[in-house]
Amino acid sequence: MAAKGPKQTPEEVRSSFFLAFDRVISFSPLRIVTNIPSLQAAAPPPPEISVDSTASTSSLVDVDMPSVHTVPHDFLEQEIQTETQADRVDREEKARAEADLAKKKAASKARKADSWLKRQFSSLSDGTASALVVSNLVGVVGLSAFLGYKAWGLYERGRLSWQSVGLGLGILGVVGLGEGIFGR
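For reference, each letter of the sequence shown is one residue, going 1 to 184 in full-length UniProt numbering.
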């Protein structure tokens, strides 16, 4: 509650504020300041900005004018004037040449793989596929179906583990390797 009586001047407020620190009651972890008068004098007013002069807009870029960062549309076709431009052109030519070479190599590999696949299918379609090839195919499909059925049963009972999956894949691998060696 504010004290009754005449208001203090700012000088009196400042002096009484600092004198109040002399009357500090000290408790173990806390320090409580007592008898500090309420500060009735306000802080000095903040400095005001005068709006007498306007800022110069002569240095600002006009957005309707062409930007400083634009270049003519035929910039890349202009003659080379610096070593940096010459280096850039050389790098671009090398990159284009490497890309063309990689594209040709990929096309060549695709043709080779395609021709190998065609030869394999043509050898099967010529009637040279023997009963051994057909029986091997039936055996692999049957074995895969049997192992898949057993794995599904283990899964339903909650007993499918990586060990049983690895065992099944190992069996398929051994059978495939045996067919690859003896099937020729």
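FYI, nobody ran anything at the bench for these hints, they're computed from the structure. Note that the Cβ used here is the ideal one computed from N, Cα and C, for glycine as well. A few of these clues could be false.
[Said to hold, decoys possible] Within a straight-line C-alpha distance of at most 20 Å, the following computed EDC-like cross-link-like pairs (lysine to aspartate or glutamate) qualify:
(1) K105 with E93
(2) K103 with E93
(3) K94 with E77
(4) K94 with E83
(5) K104 with E92
(6) K103 with D114
(7) K112 with D100
(8) K104 with E93
(9) K103 with E92
(10) K94 with D114
(11) K109 with E98
(12) K109 with E93
[Said to hold, decoys possible] Across the chosen pairs, the derived CB separations fall in these ranges:
(13) G180 with S122: 19 to 29 Å
(14) K104 with V175: 19 to 29 Å
(15) E92 with F182: 53 to 63 Å
(16) P44 with T70: 45 to 55 Å
(17) V165 with D100: 45 to 55 Å
(18) A99 with V134: 40 to 50 Å
(19) D100 with F182: 38 to 48 Å
(20) R96 with G158: 51 to 61 Å
(21) A97 with L177: 38 to 48 Å
Hints versus structure:
1. K105 with E93: Distance of about 18 Å is within 20 Å: holds.
2. K103 with E93: Given pair K103, E93 holds - Cα atoms ~15 Å apart, limit 20 Å.
3. K94 with E77: Holds: K94 and E77 sit about 18 Å apart, inside 20 Å.
4. K94 with E83: holds, 16 Å
5. K104 with E92: Holds, at about 18 Å.
6. K103 with D114: Roughly 16 Å between the alpha carbons, so the hint for K103 and D114 holds.
7. K112 with D100: At roughly 18 Å apart (the allowed maximum being 20 Å), D100 and K112 satisfy the hint.
8. K104 with E93: Holds, because 17 Å separates the two Cα atoms, which is no more than 20 Å.
9. K103 with E92: holds, 16 Å
10. K94 with D114: With Cα atoms ~30 Å apart, K94 and D114 exceed 20 Å; violated.
11. K109 with E98: The given pair, whose Cα atoms are some 16 Å apart, holds under the 20 Å limit.
12. K109 with E93: It is violated: about 24 Å lies between the C-alpha atoms, which goes past 20 Å.
13. G180 with S122: 19 to 29 Å: holds, 20 Å
14. K104 with V175: 19 to 29 Å: violated, 40 Å
15. E92 with F182: 53 to 63 Å: Once the Cβ atoms are compared, 56 Å apart, the range 53 to 63 Å for F182 and E92 holds.
16. P44 with T70: 45 to 55 Å: holds, 52 Å
17. V165 with D100: 45 to 55 Å: Because 46 Å falls inside the window, the suggested range holds.
18. A99 with V134: 40 to 50 Å: holds, 46 Å
19. D100 with F182: 38 to 48 Å: Cβ of D100 to Cβ of F182: about 46 Å, so the range 38 to 48 Å holds.
20. R96 with G158: 51 to 61 Å: holds, 59 Å
21. A97 with L177: 38 to 48 Å: For A97 and L177 the Cβ distance comes to about 44 Å; the hint holds.
Checked against the numbered hints given earlier, this structure breaks hints 10, 12, 14; the rest are met.
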